[in-house]
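These protein sequence lines are chains A and B, in that order.
Quick note: the first sequence uses numbering that gives the first Met the number 0, first residue 0, plus one each step.
Quick note: the second sequence uses numbering that gives the first Met the number 0, first residue 0, plus one each step.
Don't take every hint at face value.
[As the list claims (entries may be wrong)] Lysine-lysine pairs mimicking DSBU-like chemistry, simulated, CA-CA at most 30 angstroms apart:
| no. | chain 1 | residue 1 | chain 2 | residue 2 |
| --- | --- | --- | --- | --- |
| 1 | B | Lys88 | A | Lys646 |
| 2 | B | Lys125 | A | Lys611 |
| 3 | A | Lys212 | B | Lys88 |
| 4 | A | Lys646 | B | Lys125 |
Worth flagging that the hints you see were computed from the coordinates, not collected in a lab.
The structure presented is a predicted model; accordingly, all values stated were derived computationally and were not measured.
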Amino acid sequence: MTKMDNTAQFSVSRRALLKAGGALVVSIGAAVPLDTALAAGEALAQGAKPPLMPDQLASFIAVNADGTVSAFFGKMDMGQGLFVAIGQMVAEELDVPFKAVKVIMGDTATSVNQGGASGSTGIQRGGMQMRMAAAEARRVLVEMAAAKLGLVADALTVSDGVVHAKDDASKRASYAELIGGRYFNVQLDWNKEWGNTLYAPGKAKPKDAKDHKIVGQPIAREDIAPKVYAQEDFCTDVRRPGMVHGRMIRPAVAGSVPVKVDESSIKDIPGARVVWEKGFLGVVADKEWDAIRAADKLKVEWSDAKPPFPNQTALYDHIRNAPVRKREIGGKEVGNVDEAFKTAARVIEADYEWPFQSHACMGPACAVVEINEGNVTCWTGSQKPHFVRDGIALTLGVPAETVRAIWVVGPGSYGRSDADDAAMDAAVLAKAVGKPVRVQYTRDQATGWDPKGPASTHRARAAIDAAGNVIAYEFTSKGFSRIDVNTNGGAPKDTLAGQVRGVELKSGDGFGVPAESYEFHNKRLAWETIAPLLDRASPLRSAHLRDPVGPQIHFASESFIAEVAAALALDPVEFRLRHVKDPRDVAVIKAAAEKAAWQARPSPRKDQTGAKVSGRGIAYAQRNGTRCAVIAEVDIDRASGKIWARKFTVAHDCGQIINPGGLKYAIEGNVVQGVSRTLWEEVKFDAKNVTSIDWMSYPILDITETPEAIDVVLIDHPEIAPSGAGEPSIRPVAAAIANAIFDATGVRIRRVPFSPDRVKQALS
Amino acid sequence: MARMNLDVNGKVETIDADPDMPLLYALRNELALNNPHFGCGLAQCGACTVHVDGQPVRSCVTPVSAVGNSKIVTLAGLGTPEKPHPIQKAYVEEQVPQCGYCINGWIMTAAAFLNQNKKPTDAQIKEALAGLKCRCGTHMSILRAVKRAAATMG
Chain A
0 MTKMDNTAQF
10 SVSRRALLKA
20 GGALVVSIGA
30 AVPLDTALAA
40 GEALAQGAKP
50 PLMPDQLASF
60 IAVNADGTVS
70 AFFGKMDMGQ
80 GLFVAIGQMV
90 AEELDVPFKA
100 VKVIMGDTAT
110 SVNQGGASGS
120 TGIQRGGMQM
130 RMAAAEARRV
140 LVEMAAAKLG
150 LVADALTVSD
160 GVVHAKDDAS
170 KRASYAELIG
180 GRYFNVQLDW
190 NKEWGNTLYA
200 PGKAKPKDAK
210 DHKIVGQPIA
220 REDIAPKVYA
230 QEDFCTDVRR
240 PGMVHGRMIR
250 PAVAGSVPVK
260 VDESSIKDIP
270 GARVVWEKGF
280 LGVVADKEWD
290 AIRAADKLKV
300 EWSDAKPPFP
310 NQTALYDHIR
320 NAPVRKREIG
330 GKEVGNVDEA
340 FKTAARVIEA
350 DYEWPFQSHA
360 CMGPACAVVE
370 INEGNVTCWT
380 GSQKPHFVRD
390 GIALTLGVPA
400 ETVRAIWVVG
410 PGSYGRSDAD
420 DAAMDAAVLA
430 KAVGKPVRVQ
440 YTRDQATGWD
450 PKGPASTHRA
460 RAAIDAAGNV
470 IAYEFTSKGF
480 SRIDVNTNGG
490 APKDTLAGQV
500 RGVELKSGDG
510 FGVPAESYEF
520 HNKRLAWETI
530 APLLDRASPL
540 RSAHLRDPVG
550 PQIHFASESF
560 IAEVAAALAL
570 DPVEFRLRHV
580 KDPRDVAVIK
590 AAAEKAAWQA
600 RPSPRKDQTG
610 AKVSGRGIAY
620 AQRNGTRCAV
630 IAEVDIDRAS
640 GKIWARKFTV
650 AHDCGQIINP
660 GGLKYAIEGN
670 VVQGVSRTLW
680 EEVKFDAKNV
690 TSIDWMSYPI
700 LDITETPEAI
710 DVVLIDHPEI
720 APSGAGEPSI
730 RPVAAAIANA
740 IFDATGVRIR
750 RVPFSPDRVK
760 QALS
Chain B
0 MARMNLDVNG
10 KVETIDADPD
20 MPLLYALRNE
30 LALNNPHFGC
40 GLAQCGACTV
50 HVDGQPVRSC
60 VTPVSAVGNS
70 KIVTLAGLGT
80 PEKPHPIQKA
90 YVEEQVPQCG
100 YCINGWIMTA
110 AAFLNQNKKP
120 TDAQIKEALA
130 GLKCRCGTHM
140 SILRAVKRAA
150 ATMG
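Please put together the full structure from these sequences, using the hints given.
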């Protein structure tokens, strides 16, 4: 059996589940058997599943008839190993073997909305909820066993899913005997929140970390083999009876809409049909190849929209000059920054720039929607299927309880990708044609039309006194919002289908400030957002991309810290340790430096001549409780401008480590994607549209450019609740590389990406 | 439309299709072989890679009519858990993929390369895999797996 069965054993619709639950509420009092002395225990279990709500233990944990455990998880594993980690946390608390737990996720009919994949909170929030639920399940099962065995709960313990007397293992009752195949009837103390902040503990206290046997083990993923042997279907492989294939048609000039569509231009293509509603234009056909041909051949006249974008070379000037829509100070200003700058003997300042970047998922998004007797089912690769459910309900104008969204593994995700848009497009098409529709985006749509990681500028300045001390520090980011469209497809205003069909817009404002613990007497961290370049259905609308705004902010802030250290002729590790105050921050910086055999000296090094030079750089950051320091060692070919990010040393502290094996892989993936984003990735555009539309026009890191080593130092704090690991280690990568380039060459590059042309130009 | 025979994973299948249609759609839609994957349709990423007479071919740009009587092998035909190709075994042992969507490109390309090159250097491995895409950034694991497989095959 594989742990990857996200579709679960349930085929009933959410509506059916709710109906069952509704009936149950009425009968709950009568459900307690009167003819048995086990009434106390039996009241905790029942045959019908309670309503799928966060205040029900049954919404998270079920013991099956064979004693195996189903863990219903409302977050998502996008390939970083949560299937295993969540299974470990549940098995640990329940005292069952790891293999006995099956984690089921991504189906709105079987899990509550814990937020989907979001902000590296899979373990930090989702896992903690599962831990609390599993602990409560164990407590309840022990109570049931106590009633059955006629013993007090304190006299019992659990081994491998069997409750037994501590002093007599023959007095026993297995989980399967106690509740197997039935459901918990146990109320949790739900905080009435949905999504990431959902929390619903029971009465049980989870185990002390010192008693953990399964948590902390490097258990391997079981979803690898099915992928490797082509036994697992992806979202793109879903087929439904009577299904037709859909393709979307986007304008050549962003902002223009179809004014005339000549359906006769595709009349020779079997079954080809047009679906056109305001700016929404798609085609369907029975055969996929015919849908592709129809999308290609359809004659469309578009409105004469004014090209909406500035010249790309003017992007950063545009950001600097644009009116500020929202400004926010991160935390609280320390001291009086403006006054302190007036007393400075010397001011160091610098501007940094980060481009729009694309999710550029490995495959363009795909979704299938089927509408059957008023029930809507969507198969989606979205990392937030519960929000897809809500978005489809609003898009189609139907109650959310009639919609079921089922996640099927997609082509990566990394934030608010194109997956949510595809789900909505499929829903609109399916409703229009009255058949199940599979929408497959094209490569140019995937890279050209996904929501983008926002472009930004960053200004940093430091005031230095006559003795060479930093007396004030100010850092301000200004850029497009990370929530111009929201982080999920839960509302039509945030999806292309909604926007092209004319819904009222509400662009959100969000950016961020550096997450670090540098202590200066006067310090101010701020962010400012500006309006999008095109407010509706823009290929440059901005949203969350892995570690939303983290790479850009810390590229700038950690480059600047290195600039200050260099200006003061101080070793960059030593300079950081002088000012960083958080002990865990200090520990990751020291651990990385030690592992990399860091030799203290100021940057740049001055002992190199010739075309090939090398350098080293460090950067560090926090992220929602996690700390990560990264040292990059790079080789630079001055003649070609080509950079090889040769070696990384990463020290990582995310509190308690659930699975060190999976954690190491997650960190490696972050570092490599971070190198890619730093060296290569920039969404290009002209006045009319995005021109990065494939892998040639949006290059990513090639296998020939892989680092030769990524050394990872994991710092485990079993006593500290686990924080996230899905994103923190991408955060310092760009600055570490920038600092290494400076170390090697004495040249500071303040604009990403460090493509060969840009590096060559900077070095000349 | 034309009637064609395709020799896929050791079985000859007959399909009716537009001769210009890429092989990818014949495999996926006519024969319901859920690997390979559509990644770009431009031969830029490798997600659609299959073997045609032992050579890695991007099925997204190969017209179905161009295959003729050649023997096509997809990931599903490369090996099984009971009888894996060494690169498949190594992929599992090295826990390579994250999302796994790119897997056809790397495994099919590496398998064809390793079948011909018994003791490749690291540089030769990288060169053989150049141009394939992995967006999750599993590059380190991919190279470990190919080296592991090479060690068992050489």
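Taken at face value, is the distance from the CA of Lys125 of chain B to the CA of Lys646 of chain A at most 30 angstroms? holds, 17 angstroms
Holds or violated: Lys212 of chain A with Lys88 of chain B, Cα cutoff 30 angstroms? With Cα atoms ~28 angstroms apart, Lys212 of chain A and Lys88 of chain B stay inside 30 angstroms; holds.
Please work out if Lys88 of chain B and Lys646 of chain A have their alpha carbons no farther apart than 30 angstroms. holds, 27 angstroms
Is Lys125 of chain B within 30 angstroms of Lys611 of chain A, Cα to Cα? Cα-Cα ~21 angstroms, so holds.
Every hint from the earlier list agrees with this structure, and none is contradicted.
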